[in-house]
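Taken in order, these protein sequences are the chains called A and B. Residue numbering for the first sequence follows my numbering, starting at 34 and increasing by one per position. Residue numbering for the second sequence follows my numbering, starting at 238 and increasing by one per position.
Mixed in with the good hints, there may be bad ones.
Far from chain A by the CB rule (all over 12 Å, computed), these chain B residues [said to hold, decoys possible]:
#  : residue
1  : 289
2  : 299
3  : 300
4  : 352
5  : 361
6  : 383
7  : 412
8  : 450
9  : 486
10 : 560
Reference listing, derived: stretches of chain A covered by chain B, where coverage requires no fewer than 3 residues with Cβ under 8 Å from a Cβ of chain B [stated by the list, open to error]:
#  : region
11 : 62-72
12 : 165-173
13 : 195-205
14 : 215-223
15 : 230-240
Simulated from the structure, these hints should not be mistaken for lab results. We put the CB at the ideal spot given by N, CA and C, even for glycine.
Residue-level listing of the chains:
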Amino acid sequence: MKRVLLLACATFGVPLQAQSRWEVSAGASGGHEIVRSRPDTTRERRSGLVFTGEAVATRGPFIARLRYGQGHVTADTGTPPSPRRDVVEGEALVGYKARPWLTLWVGPHARTFAVPGLSDRRWLFWSGRATARGSLFPGRVESFVELWQGFTGRLSKPVESATGGGAEAGLQVRLARHPIWARLGYRVEQGRVTGGPRETVEALTLTVGYVPLR
Amino acid sequence: MDPHHPEAHRRMTRALALLAALWLGALVAPRAASAQAAAAALAQGMRAYDDLNFDEASGLLRRALAVQGADALAPADVTRALIYLAATELLRDRRDSAVATSRRLVLLDPRFRPDELVFPPQVLTLYEAVRRATPVVTGRAPPDTTIHAGSEELAMRLYASAFHDITAKLVAEDGRAVRTLYTGPIADSLVLRWNGLDSSGTRAPPPGRYAITISSFDRQGRVARMLRVPLQLVQAFGRVDTLPHPAPPADSLLRRERQSMGPALRAFAPGALAGVAIAVLPGVVAGGEDASGGRFVVGGAVTIAGIAAALSHHPGRSIPANVAHNDTLRAAWRREVDDVTRRNAARVREAMLGIRAGTPVLLTPEGP
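With the rest of the complex left out, here is chain A (with noise of 0.2 Å):
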């Protein structure tokens, strides 16, 4: 309940300050996902909006970030067009900042597509990533890039152990004098099951964000 409340107040951008030497910032996401599965010889394409919420605290090197994301996803292509898809996707990942300009994370990973009167079907990754970030405006505008690789993988249905990896790259914008961010991000990640489906995610995010001033 407890951690719940935590992943509630950081999806709405509630600053949270236990402690002095913690730092957290909380943001609300929204993008446009592009799914492209091949569940056997045939190829879908989906595609629809995911809102995401996320929170990153911060303690000295160390850094934990949960995100939370569902929306859903219609087809592109096919006759009759395949049933919409609910779309629910999350991480929870705790960091060490090796250099100033890089972390390493690790921990889970999770997509679920929902379709209405089927069983789910769920990819989980234990990822390790890294995050490299590059000052553009000291301060004030950074790039990042962000690359990940599944240590272990599932998939639910069918029951298959997975491979996948991915990368995220962008803009990551904070205004002066106030405490508010922005993220400009594209996001690409695929899982894989040798001999068996694969599906590619692709997302253009706009992230807003929260992180409280100094």
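Based on the hints, put chain B in the right spot on chain A.
Chain B only, in chain A's frame:
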């Protein structure tokens, strides 16, 4: 001696004195006779001219002028002989010879003017025309002078045959110009001055052989004649030890005056790398899938932000604070140089420079 014949003794003494006088006379007589011969020829030539016997006058005057060495005519007599000879040749209808003789006289003494009471107008006119057409200067420096270099001067009066342009230079033995002393016109006379310093105006030339050359230019601007006065410079006393000029500010002390490209490139690189990453990552992460073109919106935005960040550093723009800092350093250095220059000039002024002038020599491009 015979004490019994005093009269015979006196006769003997007189005879010996006369013999000695004759012997001495025999020794000096040829030289005196030669000198007298040149002077006599001049006198006879002048008389012949007065008698309008021009052929005889010409021969006598030329004979007088031909005597060289110790028996030659005195300078004043040479001048007189030349003007009489020029007049004689003109009146003999030998104008070219008269012109050549007149030119020789102008070169010998640019200040000479014929006596209007002695010579007819056509002689005066000819000589005046030759004088005006023969630009030449003469002059003589004091034979031995000692000056404080920089504060005192060597003065040398120049005399000109006619109004013309001259250039006076102090040249080293190897012909290198040490200092230009005067460039401009000369009318009748001019005092040429040299303060003992070289062209830098701060130090005296090192001791050695030099010369003052005065070039006379004709109306076409060509060097017609050159008067060369040899000089020997000696350090009279007071050795000059000048201070070295301070070195300019080292590069390590100077700040960069313009923005370098480094910060701009460092600002641009993250944007460019992220933009490239967005373009190529779909092929790496999801090879075989057709990535959407929407990613280029994000990639373009990141790249444009990188370009803006690079431009915000104004690469190549002047940095006023650093320029001012460097200007301050350079100004301080220039003040030090000026101070050393002044102190060196003062040291030079304290030293005495000895100047020994030789006999002037007149040179002409086409020969003497």
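Here's how the hints hold up against the structure:
1. With 12 Å as the threshold on Cβ separation, the claim that residue 289 of chain B sits away from chain A holds: the shortest Cβ distance comes to roughly 112 Å.
2. The beta carbon of residue 299 of chain B sits about 103 Å from the closest Cβ of chain A, which is more than 12 Å, so the claim that it is off the interface holds.
3. Look at residue 300 of chain B: its CB is around 106 Å from the nearest CB on chain A, clear of 12 Å, so calling it non-interface holds up.
4. Against the 12 Å criterion, residue 352 of chain B stays outside the reach of chain A, whose nearest CB is about 100 Å from its own CB.
5. Non-interface call for residue 361 of chain B relative to chain A: holds, since the shortest CB-CB distance, roughly 96 Å, exceeds 12 Å.
6. At roughly 74 Å, the least C-beta separation between residue 383 of chain B and chain A is larger than 12 Å, which holds for a residue marked as non-interface.
7. Non-interface status of residue 412 of chain B relative to chain A is upheld: no Cβ of that chain comes within 12 Å, the nearest being about 67 Å off.
8. For residue 450 of chain B, the condition that its CB be more than 12 Å from all CB atoms of chain A holds, with the nearest at approximately 71 Å.
9. Distance to chain A confirms residue 486 of chain B as a non-interface residue, since its nearest Cβ pair spans about 32 Å, more than 12 Å.
10. The beta carbon of residue 560 of chain B sits about 25 Å from the closest Cβ of chain A, which is more than 12 Å, so the claim that it is off the interface holds.
11. For the region 62-72 of chain A, the assignment as covered by chain B holds, since 3 residues bring a beta-carbon within under 8 Å of that chain's beta-carbons and 3 suffice.
12. For the region 165-173 of chain A, the stated coverage by chain B is satisfied: 5 residues place a CB nearer than 8 Å to a CB of that chain, which reaches the threshold of 3.
13. Counting residues of the region 195-205 of chain A whose beta-carbon sits less than 8 Å from any beta-carbon of chain B gives 6, enough to reach three: the coverage restraint holds.
14. Residues of the region 215-223 of chain A with a Cβ under 8 Å from some Cβ of chain B number 6, which satisfies the need for three, so the listed coverage holds.
15. Coverage of the region 230-240 of chain A by chain B holds [criterion: at least 3 residues with CB-CB distance below 8 Å; count 3].
Consistency with the previously given hints is maintained throughout, with no hint failing.
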